[in-house]
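Colleague: Sequence:
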Amino acid sequence: MKVVVAAVALVVVAVIVLVVVGVEVVIVEVEVVIVVVVVLVVVVVVVVVVVVVVVVVVVVVVAVVVVVVVVVVVVVVVVVVVVVVIVVVVVVIVVVVVGVVVVIEVVV
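Numbering (full-length UniProt numbering), first residue to last: 1 to 108.
Honestly, I wouldn't trust all of these hints.
[Said to hold, decoys possible] Estimated spans, in silico, between C-beta atoms of each pair:
1) V59 - G99: 55 to 61 Å
2) V84 - V11: 40 to 46 Å
3) K2 - V44: 18 to 24 Å
Bear in mind the hints are in silico, worked out from the structure with no lab data behind them. Beta carbons: idealized from backbone N, C-alpha and C, even for Gly.
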């Protein structure tokens, strides 16, 4: 965000300079107008490049965050499933052992 604000401020300063210089350019020479236009074009290109870079960085950061969140969710789901399976297996083993003990006591 700071980069975008700086870029906008740079454009505003360039426009103000162009307005002030523009008044003198009419009086001075046509070559100065060409230089001013070239400077303005360079400033606009730099601002566009900076904005594009900032947008790309933001998109990459958001993509990385989304991937990390998805990985964390998958890991949590896998852990929960494993814990549930372990609990079910333990319960089945306990039920079988208790059932065998009860059957042995009834028979004896």
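Colleague: Evaluate each hint against the coordinates.
Modeller: Comparing the hints with the structure gives:
Taken as a hint, the range 55 to 61 Å holds for the pair V59 and G99, whose Cβ atoms sit roughly 60 Å apart. Between V84 and V11, the C-beta spacing of about 59 Å breaks the proposed range 40 to 46 Å. Taken as a hint, the range 18 to 24 Å holds for the pair K2 and V44, whose Cβ atoms sit roughly 20 Å apart.
In summary, the structure is inconsistent with hint 2 from the numbered list given earlier, while agreeing with all the others.
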